[in-house]
Structures are given as C-alpha cells and as structure tokens.
Amino acid sequence: MRILVVEDDLEAQRYLVNGLREAGHVVDDASDGEIGLTLALSRPYDSMIIDRMLPKLDGLKLVEEIREQSNTTPVLFLSALSEVDDRVKGLKAGGDDYLTKPYAFVELLARLDALMRRRHPAAVKTRLQVGDLELDLLTRSAKRGETSIDLQPREFRLLEYLMRHASQVVTRTMLLESVWEYHFDPQTNVIDVHISRLRAKIDRGYEAPLLHTVRGAGYMIRARA
Amino acid sequence: MRAPKTLRTLAFRIVLVYVAIFAASAVALVAFTYWNTKRALDAETDQTIEAEIAGLSEQYQRLGIAGLTDVIIGRSMRGSLGLYLLTDAQKRPIAGNLDTWPQAKPREENFIEFDFERRAGGGIERHRARGKTFALTGGFQLLVARDVDERYKTQRLFTTTLPWTVILMLALGLGGGALMSRNLLARLDSINRISREIMAGDLTRRLPLTRDGDEFDTLAENLNRMLERTERLMKGMRTVTDSIAHDLRTPLNRLRNRLEGVLNHLGGENVEAREIEAAVGETDTLIGTFNALLLIAEAEAGVGREAMAPVDLPVVVEGISELYGPVAEEKGVSLEVAPSGTARIEGNGSLISQALANLVDNAIKYTPAGGLVRIAVQNTSAGIALSVADNGPGIPSGDHARVLERFVRLEASRNSPGTGLGLSLVAAVARLHDAKLELSDNMPGLKATLLFAGRMSRRPALAS
Chain G
335 MRILVVEDDL
345 EAQRYLVNGL
355 REAGHVVDDA
365 SDGEIGLTLA
375 LSRPYDSMII
385 DRMLPKLDGL
395 KLVEEIREQS
405 NTTPVLFLSA
415 LSEVDDRVKG
425 LKAGGDDYLT
435 KPYAFVELLA
445 RLDALMRRRH
455 PAAVKTRLQV
465 GDLELDLLTR
475 SAKRGETSID
485 LQPREFRLLE
495 YLMRHASQVV
505 TRTMLLESVW
515 EYHFDPQTNV
525 IDVHISRLRA
535 KIDRGYEAPL
545 LHTVRGAGYM
555 IRARA
Chain U
173 MRAPKTLRTL
183 AFRIVLVYVA
193 IFAASAVALV
203 AFTYWNTKRA
213 LDAETDQTIE
223 AEIAGLSEQY
233 QRLGIAGLTD
243 VIIGRSMRGS
253 LGLYLLTDAQ
263 KRPIAGNLDT
273 WPQAKPREEN
283 FIEFDFERRA
293 GGGIERHRAR
303 GKTFALTGGF
313 QLLVARDVDE
323 RYKTQRLFTT
333 TLPWTVILML
343 ALGLGGGALM
353 SRNLLARLDS
363 INRISREIMA
373 GDLTRRLPLT
383 RDGDEFDTLA
393 ENLNRMLERT
403 ERLMKGMRTV
413 TDSIAHDLRT
423 PLNRLRNRLE
433 GVLNHLGGEN
443 VEAREIEAAV
453 GETDTLIGTF
463 NALLLIAEAE
473 AGVGREAMAP
483 VDLPVVVEGI
493 SELYGPVAEE
503 KGVSLEVAPS
513 GTARIEGNGS
523 LISQALANLV
533 DNAIKYTPAG
543 GLVRIAVQNT
553 SAGIALSVAD
563 NGPGIPSGDH
573 ARVLERFVRL
583 EASRNSPGTG
593 LGLSLVAAVA
603 RLHDAKLELS
613 DNMPGLKATL
623 LFAGRMSRRP
633 ALAS
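Top line first, the protein sequences correspond to chains G and U. The first sequence maps to residues 335 to 559 in the numbering used here. The second sequence maps to residues 173 to 636 in the numbering used here.
Be a bit skeptical, because a hint or two may be false.
[As the list claims (entries may be wrong)] Calculated lysine-lysine pairs in the BS3-like style (CA-CA distance at most 27 Å, straight line): (1) G/LYS426 / U/LYS407; (2) U/LYS325 / U/LYS304; (3) U/LYS263 / U/LYS277; (4) U/LYS210 / U/LYS263; (5) U/LYS608 / U/LYS619; (6) G/LYS477 / G/LYS459; (7) G/LYS459 / G/LYS390; (8) G/LYS423 / G/LYS477; (9) U/LYS325 / G/LYS535; (10) G/LYS390 / U/LYS304; (11) G/LYS459 / G/LYS423; (12) U/LYS210 / U/LYS325; (13) U/LYS263 / U/LYS304; (14) U/LYS407 / G/LYS395; (15) G/LYS423 / U/LYS503; (16) U/LYS537 / U/LYS407; (17) U/LYS619 / U/LYS503; (18) G/LYS535 / U/LYS503.
[Stated by the list, open to error] Some, not all, of what chain U presents toward chain G, calculated at C-beta under 8 Å: (19) ARG323; (20) ALA417; (21) SER522.
Treat the hints as calculated values from the structure; they're not laboratory data. Everything numeric in this text was worked out from a predicted model, so none of it was measured. Heads up, the beta-carbon is just placed ideally off N, CA and C, and yes, glycines get one too.
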C-alpha cells in the first residue's frame, strides 16, 4: 500500500517511515503542511498519516483542503494536543481516525489496516465466516460447525468487529472505541475479560482456537493457516 | 398561585412604593389645605355672627324688646344670608325669619350647626346654617345664624371625590408601573437569556447594546468586557495545556518509539527484551498519569463545556454496567443497577461515562468477593443523584475529603495498581457540571454520589 506521512518531528517521522516500510508499505514523507498538500494532491495514496500541528499549513487545514478537492483518501490524524474535544475537531475536518501521541506502533498499524480495508469494502455481506465459525448478520446468530452459539448482543458486536477484521490485529483501544464507543482508557483491563468470555463461548472444546492474543498488541481472529 | 412575572419585578415594586408615598402625601396636603380653609371660613362666619349679636344686644339694652323685634323684622326682610330668631323663655317665636328653634345641641361657646328649610322659588330647600344662641335679660332667647349651605356643599363634594381621586391615582400609577416593568423586563430577559447561553459554554456570545446608552447598556458593556477577559483566559488555559501536552508528548513518543524499536530488534525471549518491555509498560503508566492530570486540569478550566449536550443518565449507567459486568462477575462481586426512569441532564456524556467508570472500577476493586456494588440514578428534591455504593471496607469518614485531592491514596491501598487520580477526575467532572461529589458511609462500605443540581436539559436527548 502507498502511504503519505506528514510529520514535522523528524525523529518520529523516521521511525514511522521505517516501521511502515518494514510492514511492506511504500511511503512518501513530508515535514510541513505545504509539501504535504502538494504530495497529497499530486499522487494517489491508499492512506495518509497527518500530524495535527504542522509548520506552514496546519494539519486540520491540510485535510480540509484535501477534502475540498474531493479527495477521499483515508486520513489518520496524529496529535500531541490535549484530547477532550480535539478528536471531534479532527474528525469534523475530514479525518477518518485519530490517534494521540504517544502511541504504540502496533496500534497505528492496526488502525491504518482497518482504514484502508474500510476503503475497499467487499460487497455488502450478510454472513461472516472464519474457519468453521459463522456469523449471520441478518438473524444475529452464530454457530461453529453445526453447534449454535448463544451470544449476548454486545458479544455479538464484539465478534462481528473481530470477524470483519479477520486476520488483522485489533487493539483493545480499537475495540473499546468501535464496540463500546468509549474514548477513554479504563483503569482495569475490562476488554480482556470480555474477550476471555467470548473465547470461552467460541473456542472452548475445539482443537483449533480461532481467537488469538497478539502479545503487546491486541487480538486477532483467524483460522489456522 | 404565583403573581404574574411583571408584578414580581423590582421596577414594579419600586413604582408601587412611589405611588403609595405620592398618594399619601397628596391626600395629606389636600386634607391640610381643606382643614385650614374651613377653619378660616368658619372663623370669618363666627366673627360676623358675634358682631351682629353684640350689635343686637346693644339695641335690646337701648330700645327694649319692642325695639329689638323691630330691628330683627327689618333685618329678616332683607333676604340675605342672615338668619334670625327671637323667642320668649319657652322658645316660642316672637320675630325672625326662622320658624322654629333648631334642635341641634350647642357646641363650643353656644355655637350650633343645623339644617333648616328655605323657601326658594316654588319649593322648599334644606340648607345648612351655622349660628350662635344668646340669652337676653328677661328670659328672651336670641339666635343669629348664617346660611353656609354653599360652603357645606363644596365640602361634601370634596369628601366624596377625594377617595375616587386616590383610587384613580393608584390605578394610573400601577398601570404605568406595570408598563415600565414590562419594558425593563424585556431588557433584563434578553440579558438573562444570553447569560445562560454563555454559562452553558458559548463564550463567544455577547450581550446586545441599544443606541440609548442607558444604564442597561453600561451594564451590558461591562459584562461584555468581563466576558472578553474570561474568553481570553480560557483560550490562554487551552494554549497552555496544549503546549504542555505537545512538549511532553513529543519526547514521550520518541522514547516509546525507541524502546519499541529496540524490542523489535532484540526479538524473542531474553532478559533484555523483558526489561525493555517493562520499560515500555512504565512509559505507558507515565502517559496514563499525564493524560489523567491533563484531563483534570481541562475539566477544571471548563474546557469540556463546549461539548455539552443532553445526556440521559440511565443510558450512561447501562453502558458502564454492561462494560464492567464481566469484570465484577470474575471477581465474585455482584454489580446491580437500580431501576429508574429517564433522568436527563445537560452535560458532556463522554466525561460523565468516564467518571462513572472510575467510580465503578474503584468500587469493584475495593469490594471483596461476595460483595455488592449498586449503581442508582434517583430524582431527588435537590436534583438528580447518580450514585455508586459498595459494601467493601469503605473509607474512614475523616478521610472522605482527603481522597478527593489529587494523588491521595489511602495507606491501606498503596500497593494496588492505579494512578490515584480516579476520584480526582470524578471531582473535576463534577465541578465542570456544577454537580456535587459526595462520599458517605454505606454501612458498611462507601457510597459515592454525584448530585446534579436540578438543571434539567432544555432540549430532548438524542436517541442513542
């Protein structure tokens, strides 16, 4: 995938670019808003990572200008500003996701993956399938093999989100934001408990587990390769 | 039933007092003038009567009863205002233009006031007279009086019209007062309405000015100047927190990046990798504490006010109890939600959720297995109360105020994880919403209550 990184902190930029290249992406970089805008409008990208505070042209303005040119490339904002309502401002300006510094690289990668995949959605699905686990979105029912699984509404949403992002790392923050719609960090790791309950329902008694913990990152649902 | 708003205003009350004072002094002035004039006129009448009596008694002494009779007949014929009656000792008339001796009782110095019938034109009119009786030597009685009917009628007219005049004066005064209060109210209402909007978070609003340049404009100008200052201070606060955030987050970001880089480089399981991982964990704790402090500072500065919207508390409670349910169950603590109807407040939903999450998190953390944590929303007379109660060890009542301060954690819990900022954040969120955070003894356990003053939402809540 082709990614544009606009970041004025050169060390953070180098780290970001290296990390993304290691993950197999093609990366262009810019260290101020004007260069960023020129690049964004002249080349096709699959997604852009843009810092909120940039010299010459502010990150918010940059994204607004890109959006005015009917460019819909997904944008992930990076911000070192305080949080309370900056997220809202960022999303209003046309950003698709918002990550506060300091962030874990796996978090950034996971969100970027989710953004880029959202851009190329397959035909509207009414069934999701991972291995022998099936989720019927119309009847809101789940079954593994021939055994039906009884899920609470929230467990269903959790499983749905994981399965829509099958074979992708999904972080705890992403789950909290997408499944529960909370944008704060609970003191206790509540997500782990929800996951372990879900795991008990879909994986217990089966030889091949589907829901995996990715150490230091989050979770991933995938059938054994 | 309450009086209409116009009648309860200060302007109307001031007008009312003025009208009352004005009416009272007008009545006093008129009454004084009236009494004085009456006294002067009475005195004049009395002097005339006295002089006449003196003259007549002199005639009697000089000419005897026959002479006096002649004089009285003569005077009676003149048909002026003078009234005369001469009688013998048994009050039988001898001469004069009055037919009978009046029944009225003499007042001071033999003066009397009485009504008599006067032939005028074709009929008879009752007139009022004032006169004096005089006993002559030989048992004869003399009455000399004057017809004062004109003056009496004027006086009657005066006493009957005066109350009506006062009533009219009061009515006009009250009407004018109400009109004036309505005008004042319209100005005050606009100032009040806009002040409320500003308090609700829109600091860019200003009070309107008219071209009159009156006291209200001066007031509005001063308030506007104050608002400008407040807005500038708020912006300053934002800039400060933003730059602190930026200046600390940038190096923290680099630190975390470097540690992650080293970790990737090392790979696999070894002592160094574990140490670096622990260091990454410490960085995250540092970031967590920093974020919590920043959020508290912002909430206290009122930064979240712009995002205020109607929030249905039972919906917030449902979300958080659903999020924490499994955590509680895993610990063997029952998490209960007391049933309640809708309870809407104007607030920042995200911050209230976070505050409630902190309270529930704490309650579960400090309640031993088998315990109970209960969340309730209640409409009380003091406002809407959102409470989280547990039956854990509680907090000694002397420490209730202390735990709300930043960083304070009680000795007994020093070793459990957490930043110690949880309750401070709840307190800051409470202040942002003009709510009160109260800690009380749940006998046993701790009960934390967020009391939102009865400031109900004016707009309907968004469907969630």
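Regarding the pair G/LYS423 and G/LYS477, is the alpha-carbon distance no greater than 27 Å?
Violated, because 41 Å separates the two Cα atoms, which is more than 27 Å.
Regarding the pair G/LYS459 and G/LYS390, is the alpha-carbon distance no greater than 27 Å?
Cα-Cα ~44 Å, so violated.
Given pair status - G/LYS423, G/LYS459, alpha carbons within 27 Å
Violated, because 32 Å separates the two Cα atoms, which is more than 27 Å.
Does the structure keep U/LYS210 and U/LYS325 at a Cα separation of 27 Å or less?
holds (12 Å)
Check the hint pairing G/LYS390 with U/LYS304 against an upper bound of 27 Å on the C-alpha distance.
violated (113 Å)
Take a quick look at whether U/LYS608 and U/LYS619 sit within 27 Å of each other, Cα to Cα.
Given that 27 Å is the threshold and the Cα spacing comes to 13 Å, the pair holds.
Next pair to validate is U/LYS537 with U/LYS407; report whether the Cα-Cα distance is within 27 Å.
violated (38 Å)
Does U/LYS263 pair with U/LYS304 here, judged by a C-alpha cut-off of 27 Å?
holds (15 Å)
Hint consistency between G/LYS477 and G/LYS459 [alpha-carbon to alpha-carbon, up to 27 Å]
Roughly 17 Å between the alpha carbons, so the hint for G/LYS477 and G/LYS459 holds.
Assess, step by step, whether the Cα of U/LYS263 is no farther than 27 Å from the Cα of U/LYS277, and give holds or violated.
Satisfied, since the Cα-Cα distance of roughly 15 Å is no more than 27 Å.
Given the proposed pairing of G/LYS423 with U/LYS503, does the C-alpha separation stay at or below 27 Å?
violated (39 Å)
Under the criterion that the straight-line Cα-Cα distance not exceed 27 Å, is the pair U/LYS210, U/LYS263 satisfied?
Violated, at roughly 31 Å.
Violated hints, listed in ascending order, are 4, 7, 8, 9, 10, 11, 15, 16, 19; each of the other numbered hints is respected by the structure.
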